[in-house]
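2 protein chains.
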Amino acid sequence: MDFSHYWSARQKKVDAALNHYLPSASTKPATIHKAMRYSIFAGGKRLRPVICLATAEVLRGKPDLALPLACAVECIHTYSLIHDDLPCMDNDDFRRGKPTSHKVFGEGIAVLAGDALLTIAFEIAASCKSWPRYSHATILREIAVTAGSQALIAGQVADAEGEGKKISPAELRYIHHNKTAALISSSIRLGAMSANATPKQLAHLTEFGESLGLAFQVIDDILDVTQTTEKLGKSAGKDIAAQKATYPALLGLKKAQKEADRLTAKARAALKPFGKDAKPLEAIADYLLKREN
Amino acid sequence: MDFSHYWSARQKKVDAALNHYLPSASTKPATIHKAMRYSIFAGGKRLRPVICLATAEVLRGKPDLALPLACAVECIHTYSLIHDDLPCMDNDDFRRGKPTSHKVFGEGIAVLAGDALLTIAFEIAASCKSWPRYSHATILREIAVTAGSQALIAGQVADAEGEGKKISPAELRYIHHNKTAALISSSIRLGAMSANATPKQLAHLTEFGESLGLAFQVIDDILDVTQTTEKLGKSAGKDIAAQKATYPALLGLKKAQKEADRLTAKARAALKPFGKDAKPLEAIADYLLKREN
Chain F
9 MDFSHYWSAR QKKVDAALNH YLPSASTKPA TIHKAMRYSI FAGGKRLRPV
59 ICLATAEVLR GKPDLALPLA CAVECIHTYS LIHDDLPCMD NDDFRRGKPT
109 SHKVFGEGIA VLAGDALLTI AFEIAASCKS WPRYSHATIL REIAVTAGSQ
159 ALIAGQVADA EGEGKKISPA ELRYIHHNKT AALISSSIRL GAMSANATPK
209 QLAHLTEFGE SLGLAFQVID DILDVTQTTE KLGKSAGKDI AAQKATYPAL
259 LGLKKAQKEA DRLTAKARAA LKPFGKDAKP LEAIADYLLK REN
Chain X
9 MDFSHYWSAR QKKVDAALNH YLPSASTKPA TIHKAMRYSI FAGGKRLRPV
59 ICLATAEVLR GKPDLALPLA CAVECIHTYS LIHDDLPCMD NDDFRRGKPT
109 SHKVFGEGIA VLAGDALLTI AFEIAASCKS WPRYSHATIL REIAVTAGSQ
159 ALIAGQVADA EGEGKKISPA ELRYIHHNKT AALISSSIRL GAMSANATPK
209 QLAHLTEFGE SLGLAFQVID DILDVTQTTE KLGKSAGKDI AAQKATYPAL
259 LGLKKAQKEA DRLTAKARAA LKPFGKDAKP LEAIADYLLK REN
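Line by line, the protein sequences are chains F and X.
For the first sequence, our numbering assigns the number 9 to the initial residue and increments by one for each residue that follows.
For the second sequence, our numbering assigns the number 9 to the initial residue and increments by one for each residue that follows.
It should be emphasised that the hints constitute simulated quantities derived from the structure, not laboratory data.
Any given hint could be a false lead.
Below, simulated BS3-like cross-link-like pairs (lysine-lysine); rule was C-alpha separation at most 30 Å, straight line [said to hold, decoys possible]: (1) X/K298 with X/K246; (2) F/K246 with X/K36; (3) F/K174 with X/K111; (4) X/K53 with X/K111; (5) F/K287 with F/K263; (6) F/K106 with F/K284; (7) F/K111 with X/K53; (8) F/K173 with X/K36; (9) F/K174 with X/K42.
Label pairs and their computed distance ranges (CB to CB) [what the hints assert, rightly or not]: (10) X/E171 with F/K111: 19 to 29 Å; (11) X/L258 with F/S176: 56 to 66 Å; (12) F/K287 with X/W139: 41 to 51 Å; (13) F/L261 with X/T35: 32 to 42 Å; (14) F/K298 with X/D72: 50 to 60 Å.
Think of the CB as a built atom: it goes at the ideal place given N, C-alpha and C, for glycine as much as any other residue.
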């Protein structure tokens, strides 16, 4: 399996679909559509959509049926970054190596561009195929709950409220679980739903997604300490500067790395029932563990 | 028909349903749920949900089937107010006679509370009943398109970009149509969908909604000039202060009032096919024309 080819082929598919789903940059009012496209096409790795498509493949589903859900998830991820970077939140000037939305378009348009991406996620998702087991109501509720005040937004609130405070490992895991793992796990669940997964398959893949999502965030915390801003494409060392609780801060770098290894192994173990078919998801888990940005 | 009793009975129904749908104020993380509830229960008139329920009644549908859609629309309306009031947008300190969300909870939480209300709108709407004619995909797409970058958000962008500029009557109508009429009209359409309207009925009610929504905004502009902050519960005269284009500014007060009359008459005419059943919507149109806040 040529992993980098595997990834870039799916990345291209997602990029083309996002280009199709988003209104053109000249659609009135042009400012908002330029801002939506600026952040969506700022060079993201497309991790969430790619694992969504890969999950459908593992279940021998048609990747094209997963495509609208993959794009919806990427719109939600991008909206959350735009709002997270605002001066009233994390106040970040760079993201994916480019100036953040509010730096380019001003705060007002950045708020609205985030709003518009969150909104269009539901419009795109509503165009997916439904199954007797996974109705549009089920699929859209999955997205709304994942993006909502008891998951993605809960993570951002807890993260902001934890700044400068000493927080417990349990609280840190709560933040990671909600801020990062929930959407990664949901990307996998949505891919599974698009392939009409059995309830058992969905349960195994949810377990995989949870562990993978937590591993991803632990590694993110580690990279924030060990990598340069240039390599990351976003401000390095900002967790320390903002006095954010992280695994390296709580456990030290070595133990944090061990935790990432443990979570990745746990994720891989959840894929056992899928045998050889699970290869793409295994490769993604390994890649995420070893990534440098 | 005792109009004030009619209205308050439905308002109470909507309040009870919103209380049921929103997580309690103590649900973790408490800050976000307090903020969501603060703005939702800040004393809004519930115009959009009440016309949603009234439309279902006009079609002899069950109002309870319209209730999740009525609440979804109110969540979207409230989210748009929270974000609109932010310092980086209209910078308003008061709304419905109370300090705005960012004044109470800070800007970061206000942004997230708006995000959370927009998100939960889709979760609530997904719990509605579907019909062969109106699937969940159709209903949720209706909401996403109405709240999206070519309707509600387009209106806010055009409104912000028009500040201090001389704009044409056509451009002013574009702003009104998107900023206000789209969501009001959609509230009516969603009520109609909940009652399994025929395509013809839906077309008539859409026409009613369009004219009613435009009339509503013309009257809003007039009240901004003629009423006090106390009576409005939000800053009076702010359109002039922000050099916003309004109907009174463009046509003068007298012609603006005539335009409101004309649009209301047009709205009422679209109700003709429903005969006596249309009474609640007629009463609402008359009430909106004569309101003082």
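Now the hints, each set against the structure:
no. : hint                           : result
1   : X/K298 with X/K246             : holds, 21 Å
2   : F/K246 with X/K36              : holds, 26 Å
3   : F/K174 with X/K111             : holds, 27 Å
4   : X/K53 with X/K111              : holds, 22 Å
5   : F/K287 with F/K263             : holds, 28 Å
6   : F/K106 with F/K284             : violated, 39 Å
7   : F/K111 with X/K53              : violated, 37 Å
8   : F/K173 with X/K36              : holds, 18 Å
9   : F/K174 with X/K42              : holds, 24 Å
10  : X/E171 with F/K111: 19 to 29 Å : holds, 21 Å
11  : X/L258 with F/S176: 56 to 66 Å : holds, 59 Å
12  : F/K287 with X/W139: 41 to 51 Å : holds, 43 Å
13  : F/L261 with X/T35: 32 to 42 Å  : holds, 35 Å
14  : F/K298 with X/D72: 50 to 60 Å  : holds, 54 Å
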